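Asks: Letter by letter, the chains look like this.
2 protein chains.
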Amino acid sequence: MNLACPIPIEDYPVVTLAHGGGGRLMRQLVGKLFATAFDNEWLREQHDGAVLPGPDMPGALPVLTTDSFVVWPRWFPGGDIGELAVCGTVNDLAMCGAVPRHLTCSFVIEEGLAIEELWRVVQSMARTAAAAGVEIVTGDTKVVDRGKADGLFINTAGLGWVEPGREARPARIEPGDVILVSGDVGRHGIAVLGARGELGIETSVMSDCQPLNAQTRGLIEAGIDVHCLRDATRGGLASALVELCQTRGVDLSIDETLVPVHPEVAGASELLGLDPLYIANEGRFLAIVPREQADEALAILHRIAPDDGAAICGHVGPTSTRPRVHCMGFTGVERILDLLSGEQLPRIC
Amino acid sequence: MNLACPIPIEDYPVVTLAHGGGGRLMRQLVGKLFATAFDNEWLREQHDGAVLPGPDMPGALPVLTTDSFVVWPRWFPGGDIGELAVCGTVNDLAMCGAVPRHLTCSFVIEEGLAIEELWRVVQSMARTAAAAGVEIVTGDTKVVDRGKADGLFINTAGLGWVEPGREARPARIEPGDVILVSGDVGRHGIAVLGARGELGIETSVMSDCQPLNAQTRGLIEAGIDVHCLRDATRGGLASALVELCQTRGVDLSIDETLVPVHPEVAGASELLGLDPLYIANEGRFLAIVPREQADEALAILHRIAPDDGAAICGHVGPTSTRPRVHCMGFTGVERILDLLSGEQLPRIC
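Chains G and H, in that order, are what the protein sequence lines are. Sequence positions in the first sequence follow my numbering and run 1206 to 1554. Sequence positions in the second sequence follow my numbering and run 1206 to 1554.
Just chain G, same shape as in the assembly:
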């Protein structure tokens, strides 16, 4: 799908305050732009919310999540804010073990945003939603005056379903489990930095931004008893590991030499003094599985996403009242991974 923008540019080249006012212009924006791109029965009903079907899987439990997206710039190699907004919420549901089904979508728009750009964002969201197998069923639009936002912020919330007993959650992590990473890390952060012109070098690195539900459900439906899943977004792989170790109260050990990093990501990181383990990803996750199923899980990830380069990179140590993440480095020296105080790269998602 790559239709021309349904709102004639000569009429409204940019979003005005009136587009967020609940009147005729907002109705046009919602009816022409959003309902055209996301077309489905719930949007056509034009109500305050969407009454949805229950789960396909009998007895499944609802899973709810939300994310806001403020990434700058909005377009970067391998993705854009719209694709990110769909993937982020689909992936949060996937990380609970759930099948993502329905998304909400809410825009905060700065007066003056080009309608044509909004249309491109919305089309990108529609394409990504179709690829992930979800529908965008209800939404909201607010417009703020010039200078009071930065072009476009998007919130998505998502509803999915998980079979009881198949939830992936930190509490199910067990000593002896094996840690897999679903692919090479650091692409998203480097791609966005490149788009900001902050690298000082040319790079062909593309963001890893993608829906992860095919991979996570592939594991679960093949019978892998997935204990925990966590996408390695803001703060990167290292922060995800630290959070899990603290939430569950177990030591974790990883071997840095086993974590795949694309040579261009490694090169750019070295140049900028960044640690790839802390660089944001938008299409990579950690899977923590029983030791005896680790090889099978790895084979499944390789089959579903052959280009990502999943790897076994560590294991779960003993429970601890002062849990830590041990990282064996390239020099054979072990270091402790901790949370950074903030993030190396603001507005990365």
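It is possible that part of the hints are untrue.
Heads up, the list lumps identical chains together, so a pair's fine if it works in one copy or across two of them.
Claimed, not checked - In silico SDA-like links for lysine to any residue, alpha-carbon gap of 20 Å or less:
1) Lys1353 to Pro1278
2) Lys1237 to Pro1511
3) Lys1237 to Gln1328
4) Lys1353 to Arg1508
5) Lys1237 to Gly1381
6) Lys1353 to Ala1400
7) Lys1237 to Thr1452
8) Lys1237 to Glu1340
9) Lys1353 to Leu1222
10) Lys1237 to Gln1451
11) Lys1353 to Gly1317
The hints are simulated quantities; they were obtained by calculation from the structure and are not laboratory data. Owing to the predicted nature of the structure, the values given are computational and were not obtained by experimental measurement.
Mind docking chain H on chain G? Use the hints.
Replies: For chain H alone, kept in the frame of chain G given last:
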């Protein structure tokens, strides 16, 4: 609940970019501020989403909705952005006939917002959620650099449940149905204008901001066959009526003399040249019910919300390919209500 802010002001008086970075400071913000205020088992689990219980009512269908809030100023007589953010989403679920249950909450914060103010907002959200009988189970926080947002934007999404056959929706509106308004209109818009200092007069008008689910479920559970519900937010009562008439393809008739308006709201409106029928509300709704149940519905609304002043104000006319809202005015002259192009008052919610 009115606890002292759990993050010592001397350490972090304002939100910094690092509070949105996925590192230690964000964990502190989420763990101390949000988890303290919204405390529940899902937040304590610190996962990417919340695995929730299914419906209390067997066979109930999930209902999903979302709203973003950019109201300015953030504090106004009778409410604040946090209360609004909870009420708005609770009410959108209520308008589908649903029992609201679980909310998500996502903040986009401008660097420099006082932590103390954020804490007050979060406490207000917690109080409102408790009053509405919902829990805030998962969330997200993004921080953008100074000048790239206007202090604080909040998104909430909500999950509720409705018994099949009890959905309230535009498609169920029937010719002959009676239209009720749940109370006097125009308070919210006038209260916010007053807080902006744009009235030029003193007024004691308070926003009508409140959760409406007790009223809507009161109707449904008393056996009223509620055909449609619609809260009269942006664009006011008139815009809500026009939307419903266009969506369903029926004429609607209201009598302006039957729509309650507080004398101070009427006075301020006249002074400013505003039409109370188009002024935003945040705690008023239209209920469209079968004629034979209209008096009972009115009595129920009077019992549940005695101070609001619900009234029967019109009826549903015939189906039409060019549906219109007819409004009988104070002078005995009929006018047609249409959508305004935008909104009289930007950033009202």
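Asks: So, for every hint listed, does it hold in this structure?
Replies: Consistency of the hints with the structure:
1. Lys1353 to Pro1278: Answer is both: 17 Å inside a copy and 13 Å across each meet the 20 Å cutoff.
2. Lys1237 to Pro1511: neither (39 Å within a copy, 41 Å between copies)
3. Lys1237 to Gln1328: within (12 Å within a copy, 38 Å between copies)
4. Lys1353 to Arg1508: Answer is neither: 46 Å inside a copy and 43 Å across each miss the 20 Å cutoff.
5. Lys1237 to Gly1381: neither (54 Å within a copy, 32 Å between copies)
6. Lys1353 to Ala1400: Classified as between: cross-chain Cα gap 19 Å, same-chain 23 Å, threshold 20 Å.
7. Lys1237 to Thr1452: Intra 45 Å, inter 15 Å, cutoff 20 Å: inter-copy only.
8. Lys1237 to Glu1340: Classified as within; 17 Å inside a copy, 34 Å across copies.
9. Lys1353 to Leu1222: both (12 Å within a copy, 17 Å between copies)
10. Lys1237 to Gln1451: between (47 Å within a copy, 15 Å between copies)
11. Lys1353 to Gly1317: both (11 Å within a copy, 14 Å between copies)
Checked against the numbered hints given earlier, this structure breaks hints 2, 4, 5; the rest are met.
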